[in-house]
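In case you want the letters, here they are:
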Amino acid sequence: MNNVGANNNIIEVKNLVKEFKGLKAVDGITFSVIEDEIFGFLGPNGAGKTTTINIICTLLSKTSGEVTLNGYNVARERNKIRNCIGMVFQDPSLDDRLTALENLHFHGLLYNIPRRILKERSEEVLDMVNLSSRKNNLVMTYSGGMKRRLEIARGLLHYPKILFLDEPTLGLDPQTRNKIWDYIIKLRKSKNITIFLTSHYMEETEICDRIAIIDKGKIIALDTPDNLKKTIGGDIITILSEDNIKLKEYIKEITGSEAHNAKEGKIRFEVKDSSIFIPKFIKNSPVRILSISARKPTLNDVFLDLTGREIREENASARDNIRNRMMGRIRH
Amino acid sequence: MKKELTGVYTVWLRDIKRYYRDKPRIIGSFAQPILFLFVLGTGIASSFSTFGGGGGKDFLNFMFPGIVGMTVLFTSFFSAMSIVWDREFGFLREILVAPISRTSIVVGKLLGGSSIAMFQGAIILLFSPLLKIPITFVIFFKVLGIMFLVAMTISAMGIMLASVIKSMQAFQVITNFLLMPMFFLSGALFPLNSTVKWMNVVSKINPLSYGIDAMRTVILNNPVLQLYPLWLDIVVLISVTIIVSVLGSILFSRQD
Numbered sequence: 006m007n008n009v010g011a012n013n014n015i016i017e018v019k020n021l022v023k024e025f026k027g028l029k030a031v032d033g034i035t036f037s038v039i040e041d042e043i044f045g046f047l048g049p050n051g052a053g054k055t056t057t058i059n060i061i062c063t064l065l066s067k068t069s070g071e072v073t074l075n076g077y078n079v080a081r082e083r084n085k086i087r088n089c090i091g092m093v094f095q096d097p098s099l100d101d102r103l104t105a106l107e108n109l110h111f112h113g114l115l116y117n118i119p120r121r122i123l124k125e126r127s128e129e130v131l132d133m134v135n136l137s138s139r140k141n142n143l144v145m146t147y148s149g150g151m152k153r154r155l156e157i158a159r160g161l162l163h164y165p166k167i168l169f170l171d172e173p174t175l176g177l178d179p180q181t182r183n184k185i186w187d188y189i190i191k192l193r194k195s196k197n198i199t200i201f202l203t204s205h206y207m208e209e210t211e212i213c214d215r216i217a218i219i220d221k222g223k224i225i226a227l228d229t230p231d232n233l234k235k236t237i238g239g240d241i242i243t244i245l246s247e248d249n250i251k252l253k254e255y256i257k258e259i260t261g262s263e264a265h266n267a268k269e270g271k272i273r274f275e276v277k278d279s280s281i282f283i284p285k286f287i288k289n290s291p292v293r294i295l296s297i298s299a300r301k302p303t304l305n306d307v308f309l310d311l312t313g314r315e316i317r318e319e320n321a322s323a324r325d326n327i328r329n330r331m332m333g334r335i336r337h
Numbered sequence: 362m363k364k365e366l367t368g369v370y371t372v373w374l375r376d377i378k379r380y381y382r383d384k385p386r387i388i389g390s391f392a393q394p395i396l397f398l399f400v401l402g403t404g405i406a407s408s409f410s411t412f413g414g415g416g417g418k419d420f421l422n423f424m425f426p427g428i429v430g431m432t433v434l435f436t437s438f439f440s441a442m443s444i445v446w447d448r449e450f451g452f453l454r455e456i457l458v459a460p461i462s463r464t465s466i467v468v469g470k471l472l473g474g475s476s477i478a479m480f481q482g483a484i485i486l487l488f489s490p491l492l493k494i495p496i497t498f499v500i501f502f503k504v505l506g507i508m509f510l511v512a513m514t515i516s517a518m519g520i521m522l523a524s525v526i527k528s529m530q531a532f533q534v535i536t537n538f539l540l541m542p543m544f545f546l547s548g549a550l551f552p553l554n555s556t557v558k559w560m561n562v563v564s565k566i567n568p569l570s571y572g573i574d575a576m577r578t579v580i581l582n583n584p585v586l587q588l589y590p591l592w593l594d595i596v597v598l599i600s601v602t603i604i605v606s607v608l609g610s611i612l613f614s615r616q617d
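Quick mapping for you: the protein sequence lines, in order, are chains V and W.
Read in order, the letters of the first sequence are residues 6 to 337 in the numbering used here.
Read in order, the letters of the second sequence are residues 362 to 617 in the numbering used here.
Since the hints were derived computationally from the structure, they do not count as laboratory data.
Keep in mind that a hint or two might mislead.
Simulated DEER-style distance windows between Cβ atoms [unchecked claim]:
1) V:26 / W:404: 49 to 55 Å
2) V:135 / W:539: 44 to 50 Å
3) W:491 / V:119: 46 to 52 Å
4) W:384 / V:223: 35 to 41 Å
5) V:235 / W:370: 51 to 57 Å
6) V:315 / W:530: 49 to 55 Å
7) V:29 / W:539: 36 to 42 Å
8) W:377 / V:196: 31 to 37 Å
9) V:120 / W:377: 46 to 52 Å
10) V:69 / W:614: 19 to 25 Å
11) V:29 / W:530: 44 to 50 Å
So these bits of chain W aren't anywhere near chain V, every CB distance computed over 10 Å [stated by the list, open to error]:
12) 458
13) 476
14) 532
15) 559
Note that CB positions come from ideal geometry on N, CA and C, so glycine has one too.
Turn these sequences into a full structure, and let the hints steer you where they fit.
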């Protein structure tokens, strides 16, 4: 059953390109996913994350490039690939006129799981996401978080080798988001499964073994979260002062690095060890400092460092809200 | 092969489950044919005497097979167009990413829409005693067979359109510009052989008119009202069903 070569790569993508009417949504990306790891795609909305996933999972045809999954070619062996992947899509894909159990039953039939095994497994996956008590309720009556949990359960029902989670926490409140991540962490501990996830929430991708940062259809960095953060030289310091221009000159003089403008009229820069740096810095500063803060770098800083832009979660979530509202309008 | 058959069965089963769970839809779907038959039909039939003609009772009998056909037309079309709905709400992706062929999905949808349409048509057929039209078991099963062919043709058309049309708005437009003309020019409401020339010509390329003609032949067995021989109706229906199903299957598989 295991068609993975000696290098343990379960997914291999080479020079993948996808054009939509001349626009390159995916622009020649190359990467591989190692068996049993959690691999993350991190990037702003519209970066090409979902497009890439849709190509790997056989929903979208590619313009050019090579994609193999578990040794199967995505262009020629679609059904073999479909058999060994589980999907949790960005938007809900449940039949809300059916109950949770019926949704799982439907899925089991499509994946040709024998009936007696199907029953057992439905209980198992529902139990895992704590939905056993609601299994006979129509999905219509579920909250957003419950729907997402049910989708994760459904994605696991046929014991896929790889589980794709496309923005698994999009549109959910923070508490529910944490719960979803707890399930994912639990899952990786209890099963031999490769997880491929995407997110534009930086902090959420920290649980990944490796992360590819993707922007404008290109992979701009690929490494472990720690290594990515190490590319930033130490701690991030944010300062509000009376004269930023003068202060910037001073910072360059003592640290040798450039300070950048940040939000709310603040400036930011990086130093190796903030606990020693800050007292000295305040004492010798040529301008009055109104506020100063230091923190460890996050993946957001890595993205900012690489692209000069923030991932801008506020904008993304505003757009999600509008979309959710639109979907609600269609439904009622 | 067994896997594909299971796939067909699964897609079919979902349509059936959704149907019987949707009680308002079931009740609503009987309202239209009953309204047509007993309000519009009775009204037109009684107006005959006003304009100096007779045969009001005959008109109601004439209209009855047409209303059965109408039920099959609308039910199967809307069932197939539920693909547009599934796309809008994401469920289509769950089916598309499953390890079954696109053809199995299409066949499952065709059979689902047809089963529901046949069921609804059969219920309307049960109103025949009210019009004093005798329906024997043999006639009932013959009509059921014709309903199946009509439903398959219309479902396949629905799938073809659903593969091309992506929005709910366009769906409304289709209803007005395709479905209603098909219905009016099918001979369901008035005889096509005594109407103006262009209508007669257009009705010849309308697959529904062969279906309605076949049903009328079987139910009423009145040679005066018959347009084509029964065998021709059946041959046309089977050919169109095959052609449109294949086209629908190709179009559905092609979409990204």
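Status of each hint after checking the structure:
1. Between residue 26 of chain V and residue 404 of chain W the beta carbon distance is about 53 Å. The supplied range of 49 to 55 Å therefore holds.
2. A beta carbon spacing of about 48 Å between residue 135 of chain V and residue 539 of chain W agrees with the range 44 to 50 Å that was offered as a hint.
3. For the pair residue 491 of chain W and residue 119 of chain V, the beta carbons lie near 49 Å from each other, so the given range of 46 to 52 Å is met.
4. One distance hint, 35 to 41 Å for the beta-carbon pair residue 384 of chain W and residue 223 of chain V, is violated here, with the actual separation near 53 Å.
5. Against the hinted window of 51 to 57 Å, the Cβ-Cβ separation of residue 235 of chain V and residue 370 of chain W comes to about 55 Å, which satisfies the hint.
6. Checked against the hint of 49 to 55 Å, the pair residue 315 of chain V and residue 530 of chain W fails, with Cβ atoms roughly 37 Å apart.
7. Distance hint check: the CB atoms of residue 29 of chain V and residue 539 of chain W are about 37 Å apart, consistent with the given range 36 to 42 Å.
8. Evaluation of the 31 to 37 Å hint for residue 377 of chain W and residue 196 of chain V yields a pass: the beta carbon distance comes to about 35 Å.
9. Taking the beta carbon of each, residue 120 of chain V and residue 377 of chain W are about 18 Å apart, not inside 46 to 52 Å as hinted.
10. Taken as a hint, the range 19 to 25 Å holds for the pair residue 69 of chain V and residue 614 of chain W, whose Cβ atoms sit roughly 21 Å apart.
11. Against the hinted window of 44 to 50 Å, the Cβ-Cβ separation of residue 29 of chain V and residue 530 of chain W comes to about 30 Å, which falls outside the hint.
12. Interface exclusion of residue 458 of chain W from chain V breaks down, the closest Cβ pair being 5 Å apart, not more than 10 Å.
13. Against the 10 Å criterion, residue 476 of chain W stays outside the reach of chain V, whose nearest CB is about 17 Å from its own CB.
14. Taking the minimum C-beta to C-beta distance to chain V, about 12 Å, the non-interface status of residue 532 of chain W holds against the 10 Å cut.
15. Interface exclusion of residue 559 of chain W from chain V stands, the closest Cβ pair being 40 Å apart, more than 10 Å.
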